[in-house]
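Sequences listed follow chains A and B, in order.
The opening position of the first sequence corresponds to residue 319 in the numbering used here, with each subsequent residue numbered one higher.
The opening position of the second sequence corresponds to residue 319 in the numbering used here, with each subsequent residue numbered one higher.
Fair warning: there could be bad hints in the mix.
[What the hints assert, rightly or not] Mimicking DSS-like on lysine-lysine, the simulated pairs with C-alpha atoms at most 27 Å apart in a straight line are:
(1) Lys450(B) x Lys452(A)
(2) Lys625(B) x Lys337(B)
(3) Lys474(B) x Lys553(B)
(4) Lys474(A) x Lys474(B)
(5) Lys497(B) x Lys497(A)
(6) Lys450(B) x Lys348(B)
(7) Lys450(B) x Lys474(A)
(8) Lys474(A) x Lys452(B)
(9) Lys337(B) x Lys421(B)
(10) Lys450(A) x Lys474(B)
(11) Lys497(A) x Lys560(B)
(12) Lys560(A) x Lys497(B)
(13) Lys560(A) x Lys524(A)
(14) Lys549(A) x Lys337(A)
FYI, nobody ran anything at the bench for these hints, they're computed from the structure.
All values reported here derive from a predicted model rather than from experimental measurement.
Number of protein chains: 2
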Amino acid sequence: MPEPTKQDLLVGVDLGGTKILAGVFTPGLKLIQSTKLSTKAERGFDAVVERISRCIRDAVDEADLSLKQIRGIGIGAPGAVDPDSGEVIFAPNLQWKGMPLKKALEKALNLPVFVENDCNICTLGVHESELKGKPRNMIGIFLGTGVGGGLILEGKLYGGFNRTAGELGHMVIQVGGPKCGCGNNGCFEALASRTAIFREIQRAVKEGGRTVLTEMLGDNLADLKSGDLRKALRKGDKLVEKVIESAAEYTGIAVANLINVFNPEVVVVGGGVIDALEDEMMSIIVETALDYAMPGTTQGIEIIATKLGDFAGITGGAVLARQRTK
Amino acid sequence: MPEPTKQDLLVGVDLGGTKILAGVFTPGLKLIQSTKLSTKAERGFDAVVERISRCIRDAVDEADLSLKQIRGIGIGAPGAVDPDSGEVIFAPNLQWKGMPLKKALEKALNLPVFVENDCNICTLGVHESELKGKPRNMIGIFLGTGVGGGLILEGKLYGGFNRTAGELGHMVIQVGGPKCGCGNNGCFEALASRTAIFREIQRAVKEGGRTVLTEMLGDNLADLKSGDLRKALRKGDKLVEKVIESAAEYTGIAVANLINVFNPEVVVVGGGVIDALEDEMMSIIVETALDYAMPGTTQGIEIIATKLGDFAGITGGAVLARQRTK
Numbered sequence: 319m320p321e322p323t324k325q326d327l328l329v330g331v332d333l334g335g336t337k338i339l340a341g342v343f344t345p346g347l348k349l350i351q352s353t354k355l356s357t358k359a360e361r362g363f364d365a366v367v368e369r370i371s372r373c374i375r376d377a378v379d380e381a382d383l384s385l386k387q388i389r390g391i392g393i394g395a396p397g398a399v400d401p402d403s404g405e406v407i408f409a410p411n412l413q414w415k416g417m418p419l420k421k422a423l424e425k426a427l428n429l430p431v432f433v434e435n436d437c438n439i440c441t442l443g444v445h446e447s448e449l450k451g452k453p454r455n456m457i458g459i460f461l462g463t464g465v466g467g468g469l470i471l472e473g474k475l476y477g478g479f480n481r482t483a484g485e486l487g488h489m490v491i492q493v494g495g496p497k498c499g500c501g502n503n504g505c506f507e508a509l510a511s512r513t514a515i516f517r518e519i520q521r522a523v524k525e526g527g528r529t530v531l532t533e534m535l536g537d538n539l540a541d542l543k544s545g546d547l548r549k550a551l552r553k554g555d556k557l558v559e560k561v562i563e564s565a566a567e568y569t570g571i572a573v574a575n576l577i578n579v580f581n582p583e584v585v586v587v588g589g590g591v592i593d594a595l596e597d598e599m600m601s602i603i604v605e606t607a608l609d610y611a612m613p614g615t616t617q618g619i620e621i622i623a624t625k626l627g628d629f630a631g632i633t634g635g636a637v638l639a640r641q642r643t644k
Numbered sequence: 319m320p321e322p323t324k325q326d327l328l329v330g331v332d333l334g335g336t337k338i339l340a341g342v343f344t345p346g347l348k349l350i351q352s353t354k355l356s357t358k359a360e361r362g363f364d365a366v367v368e369r370i371s372r373c374i375r376d377a378v379d380e381a382d383l384s385l386k387q388i389r390g391i392g393i394g395a396p397g398a399v400d401p402d403s404g405e406v407i408f409a410p411n412l413q414w415k416g417m418p419l420k421k422a423l424e425k426a427l428n429l430p431v432f433v434e435n436d437c438n439i440c441t442l443g444v445h446e447s448e449l450k451g452k453p454r455n456m457i458g459i460f461l462g463t464g465v466g467g468g469l470i471l472e473g474k475l476y477g478g479f480n481r482t483a484g485e486l487g488h489m490v491i492q493v494g495g496p497k498c499g500c501g502n503n504g505c506f507e508a509l510a511s512r513t514a515i516f517r518e519i520q521r522a523v524k525e526g527g528r529t530v531l532t533e534m535l536g537d538n539l540a541d542l543k544s545g546d547l548r549k550a551l552r553k554g555d556k557l558v559e560k561v562i563e564s565a566a567e568y569t570g571i572a573v574a575n576l577i578n579v580f581n582p583e584v585v586v587v588g589g590g591v592i593d594a595l596e597d598e599m600m601s602i603i604v605e606t607a608l609d610y611a612m613p614g615t616t617q618g619i620e621i622i623a624t625k626l627g628d629f630a631g632i633t634g635g636a637v638l639a640r641q642r643t644k
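Chain A on its own, in the form it takes in the complex (with noise of 0.2 Å):
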């Protein structure tokens, strides 16, 4: 790899709710290197932007690179964002609102930073890094704590009247059904993210069923995680498999659904949940969807896992940064 010339590199950001995380990447989307820091949201705002710059600076220094070398930074924010002002509208997880962090980060780093919502950003990284920015119209579709997503039409991310298309987590696909975090029920969000699947397995261990996670994590199944999960299918626990195939059901129904009404190329699937249970959810996705999605509307349609993982966000953040530098 030549040196890079000065201001040539970009750098991304994934601010989750426990944890951020920076990579410095070369003009072509290229890691060079990435930093973790626990974000310690309770510590309020200053201290959170505090630690996003920190973990930049670590990143960048671990790489003998200097911060002179960056031209940009791009930060995906879990939660309502507007992209002009860089301001955090909403982050429940963050407990923010309100927050001017576009303002504060250009302050602590001397650098120009953009701010986009955290699905949006996953979404804009996978369709610009690893699709090579070839899909006109695009769907991310993200499965961890919550289930978010992003769109992307005629090759940019789209963000509707009040930039918060992609909310795809609370499209209602079972009227009745389990109560959802935003208050309503049978949300996509309540019948598949981890969420969800941990709610299953606990109302069904409480019902009597068994499983080898009980043995694993003990009665209460404190601090299963998806990991565990995929331990747990690997044993061949009948419990877990049936709630897994139960929730990558829920998400092929909701990918059909997004394909009936969208007609995208191509269908991108990930988060947590994916990153863990790729193997065991993905046929079933896609099977579900071939289903449920009309005749004629899925000729030619690819419907895919990322490979990204855990480096989706921050490749984002890198094309973010690169777009919005240009």
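Got chain A; can you put chain B on it based on the hints?
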């Protein structure tokens, strides 16, 4: 109105499973004359083309105009359409597969003909004529025998990868819900179309429910029409009220889903069911949609019923003809 110059007028056609509606429009989209003819699909493709052609000639003649004054013809067909070739790929209500509608009509009338899906055409008509092309992003939802829709994204009719976007009726909103004509269960169409409403009323009557409709139409409710429902509601019929309320709630949830995903500026609702029951359904649709949409997504967004009624399709046809003959 000044005498239109030669080849300045537009024709829009709404081709349905049971009737053909043709309208002659000024370049400013003012309807001059409309004519209706039954489709008689059972007579086959050539006969239907002849009837469409006759319906257009009748409308033009009735207005004391000549085909020579027509710039182009836009037609909405009930099914999957290739708007480039003008072929109807699949129209179950007409029993058509791969029929060259554009070519056949151009031969019959010696005028440029443009073909689109009927719900796309209705959406285009509402957007361009009723809303003066203002909303950048809009969704049209039409409740009739089935449920269909269309998307305007960034000011233009959006077709998606296979030109099938807008199949809103087959968005599943109640996994495990009533069987839909498409083979799936719990589609929006299976919960809020005229067919679904009639099915629920008939089911309630079979289960011993009492309604003035049986007095009006007999116990088997033969020839039940949307207008009968309105009459029953005005007589204070509780059974019909409950079924209509429920269909309106499902529609509101579907609207919320679409707002959560696309965040359009305007959602327009139309079709035979709304034309007949706007007063009874719209307030429930809007209230439910606002209740189910995520906070922050609905600010400044309008959810309205189209005023074009039966003329949405022919108006959209005229818009298509105007756009494509520019």
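Status of each hint after checking the structure:
1. Lys450(B) x Lys452(A): violated (33 Å)
2. Lys625(B) x Lys337(B): holds (21 Å)
3. Lys474(B) x Lys553(B): violated (43 Å)
4. Lys474(A) x Lys474(B): OK: Lys474(A) and Lys474(B) at ~15 Å, within 27 Å.
5. Lys497(B) x Lys497(A): Between Lys497(B) and Lys497(A) the Cα gap is close to 24 Å, so the pair holds against 27 Å.
6. Lys450(B) x Lys348(B): Given pair Lys450(B), Lys348(B) holds - Cα atoms ~13 Å apart, limit 27 Å.
7. Lys450(B) x Lys474(A): Judged against 27 Å, a Cα distance of about 26 Å means the pair holds.
8. Lys474(A) x Lys452(B): With a Cα-Cα distance of about 21 Å, the restraint between Lys474(A) and Lys452(B) holds, given a limit of 27 Å.
9. Lys337(B) x Lys421(B): holds (21 Å)
10. Lys450(A) x Lys474(B): holds (26 Å)
11. Lys497(A) x Lys560(B): holds (24 Å)
12. Lys560(A) x Lys497(B): holds (24 Å)
13. Lys560(A) x Lys524(A): holds (16 Å)
14. Lys549(A) x Lys337(A): The given pair, whose Cα atoms are some 24 Å apart, holds under the 27 Å limit.
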